[in-house]
Amino acid sequence: DTAVSQTPKYLVTQMGNDKSIKCEQNLGHDTMYWYKQDSKKFLKIMFSYNNKELIINETVPNRFSPKSPDKAHLNLHINSLELGDSAVYFCASSQGGGISQPQHFGDGTRLSIL
Amino acid sequence: AQKITQTQPGMFVQEKEAVTLDCTYDTSDQSYGLFWYKQPSSGEMIFLIYQGSYDEQNATEGRYSLNFQKARKSANLVISASQLGDSAMYFCAMREEWSGAGSYQLTFGKGTKLSVIP
Chain A
1 DTAVSQTPKY
11 LVTQMGNDKS
21 IKCEQNLGHD
31 TMYWYKQDSK
41 KFLKIMFSYN
51 NKELIINETV
61 PNRFSPKSPD
71 KAHLNLHINS
81 LELGDSAVYF
91 CASSQGGGIS
101 QPQHFGDGTR
111 LSIL
Chain B
1 AQKITQTQPG
11 MFVQEKEAVT
21 LDCTYDTSDQ
31 SYGLFWYKQP
41 SSGEMIFLIY
51 QGSYDEQNAT
61 EGRYSLNFQK
71 ARKSANLVIS
81 ASQLGDSAMY
91 FCAMREEWSG
101 AGSYQLTFGK
111 GTKLSVIP
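Residue numbers (our numbering), protein chains in the order written: chain A, 1 to 114; chain B, 1 to 118.
If you're looking for bench data, these hints aren't it; they were derived computationally from the structure.
Quick caveat, the model's predicted, so the values are computed rather than measured.
Not one of these hints is a red herring.
Below, simulated PhoX-like cross-link-like pairs (lysine-lysine); rule was C-alpha separation at most 25 Å, straight line:
#, chain 1, residue 1, chain 2, residue 2
1, B, Lys113, A, Lys9
2, A, Lys36, B, Lys113
3, A, Lys44, B, Lys3
4, B, Lys110, A, Lys36
5, B, Lys110, A, Lys44
6, A, Lys44, B, Lys73
7, B, Lys3, A, Lys41
8, B, Lys3, B, Lys110
9, A, Lys44, B, Lys113
10, A, Lys40, B, Lys113
11, A, Lys41, B, Lys110
12, A, Lys19, A, Lys52
Starting from the given sequences, assemble the full structure and let the hints guide the process.
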């Protein structure tokens, strides 16, 4: 029943490791996003894909690599994790980029780097 | 300059009272959309309400309404008859017609933490 689902919900790992977060949406949307929420709760766009095509790639270290195998999935792979990567990562989806289309969010993945 | 400004880091409201959460925005686009999201302590982001720049009427969704004043560039969220479950962070966000990569990007404010007192 879940519209946008992310796994895992929690990710605790050591500095230097590589990890992935998976996201799937069953809303039939064609656009998906990754946002990062920092410790002060500020949300910032990282990436956006429309029909599997990268649309937005904000100033994010190239250790972060999104991959969209199909319209319903957008995964985030992070190499060589650093302490500053600790945050909550949200996946979201919408139907296109129209200004009236709300983005629907997953429950977030809390990443903690030891 | 910040595109979305929420000046109230924290707000308190008595249960059953109404509360207004402030949001001002900055854009040179004529066409844009304004959104409010709720983030409870459990962490999920819940879409509440949308207002389009060309909408003549203020948006309403149940106990939520949006006080949209275009000339003042403000889009305040009004929650009527507050309930304990309304305690959460509330984020105002904007989608502009042209934000570099089309209108895909949602720009968020820093949020307001609302606490409902029994």
